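Chemist: Chains as they are written, first to last, in this note's numbering: chain A, 1 to 252; chain L, 1 to 202.
Do not take every clue at face value.
Within a straight-line C-alpha distance of at most 25 Å, the following computed DSS-like cross-link-like pairs (lysine-lysine) qualify [to be verified]:
| hint | chain 1 | residue 1 | chain 2 | residue 2 |
| --- | --- | --- | --- | --- |
| 1 | A | 160 | L | 104 |
| 2 | A | 241 | A | 180 |
| 3 | A | 149 | A | 190 |
| 4 | L | 55 | L | 7 |
| 5 | L | 161 | A | 252 |
| 6 | L | 67 | L | 55 |
Hints were generated in silico from the structure; no laboratory data involved. No experiment lies behind these values; they were computed from the predicted model shown.
The residues making up each chain are set out below.
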Amino acid sequence: MLTKRIIPCLDIKDGRTVKGTNFINLRDAGDPVELGALYAAQGADELVFLDITATVEKRKTLSDLVNRISHHINVPFTVGGGISSVQDVSQLLQNGADKISVNTAAFKDPDLIRSLAGEFGSQCVVLAIDTRQEDDGEWYVYLNGGRTKTEVKCEQWAEKAVALGAGEILLTSMNHDGTKKGFALEITKKLAGNLPVPVIASGGGGTMEHFVHVFEEGLADAALAASIFHFKEIAIPDLKKYLTSKGVNVRK
Amino acid sequence: MKIAIIKYNAGNIQSVLYALERIGEKALVTDDPNQIRQADKVIFPGVGEAGTAMKYLSERGLDQVIKSLSQPVLGICLGLQLMCRYSEENNTSCLGIFDEEVKKFPVQSNGARGHSFKIPQIGWNNIYDLQSDLFHQIEGGSYCYFVHGYYASTGVHTIAKTDYIIPYSSALRKDNFFGVQFHPEKSAAVGENIIRNFISIH
């Protein structure tokens, strides 16, 4: 039976993890490769590396890092952050990335999704959507790392992107991100229940119970989290045991 | 040990090279028929679309090269599908090493509590009814990583099964030819052991 996936996310800047971690057993907790390998060994089903480097050397640094990751990590991984062209993606895939995620650039030029899916296949094109529920109750798409509001509704953009060839949706609720009060179940369910592609829920996971909710009620195919793993508030093996005990099918 | 990875117009080929390097094996990524014929082991990987891939292989005579190989050959994902007789994906005649047909997963309506089967299947699923040395010391029910929208039916060459919508062949074998639908290069320790097992096959 296909399992629900647990995905730790690592934020990267200039080839290093950004947020602090308290993994005292790591030689170098700032090394994304070492941290990623630890998560993989603990049972992470996939990894996401989100690059927030803004310098001109970005491309080279990132593709070197991706190359190092693929030499050390034996589970699939996605690379995202500022990807805006077929050439960017080609270089990352050549260096061993399994998938790439696009966000702002794809919104501004939806044809990018079609080009990427045509060139490399939908299976490696993840569309990341940052969304916020406004006072009118609707979920709107935000760009530029959540700094720019658009008037487009999340569901419309997701449907369009899937029609263009996006193979997965990484859905981050800005209302929930960082709160540790649980995932955005309603919008996750809307997307995961209606779209023909997997939906990765992100933002708000704080307890192991939250993961049960996002899989059972939110119908998410995968759940992504960062700080709760980095700060060892939840260990992946414990989370998987807990999910199994609650009847959620995960890889053991 | 000379391992050749067949180079063609499909994705994910580098990943197989890196996976081999992780377990201490070197390999040559090549489309040179002589290099492929002289290798001790041949890996035929790939993620992509069947029709375009077959066309590329035939234009370069690689289809005939692959069929004529007598050393152990491992097809991965699209590699397995191309080693079958026929694929529904763009109505493609394939290599015909395995007699099985490759079909598109049927679309299912929503199951219990709204859970639906998405196509392609993406993620970790069990492999069971394991046969052959390829699965030496691999437990039935082990998890492997899959990404595919088409599947090979079960038949005489099936050496592992997986259930997604229906039971299908997650591995096939005929003589020196092996094929796996999952990605051993991305399937954690289980996948690495399957790759090691393949390398040990004589």
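Chemist: Now tell me if each hint is right for this structure.
Modeler: Here's how the hints hold up against the structure:
1. A:160 - L:104: holds (23 Å)
2. A:241 - A:180: holds (20 Å)
3. A:149 - A:190: holds (21 Å)
4. L:55 - L:7: holds (14 Å)
5. L:161 - A:252: Measuring from Cα to Cα gives roughly 19 Å; hence the hint holds.
6. L:67 - L:55: Roughly 15 Å separates the two Cα atoms, so the pair holds.
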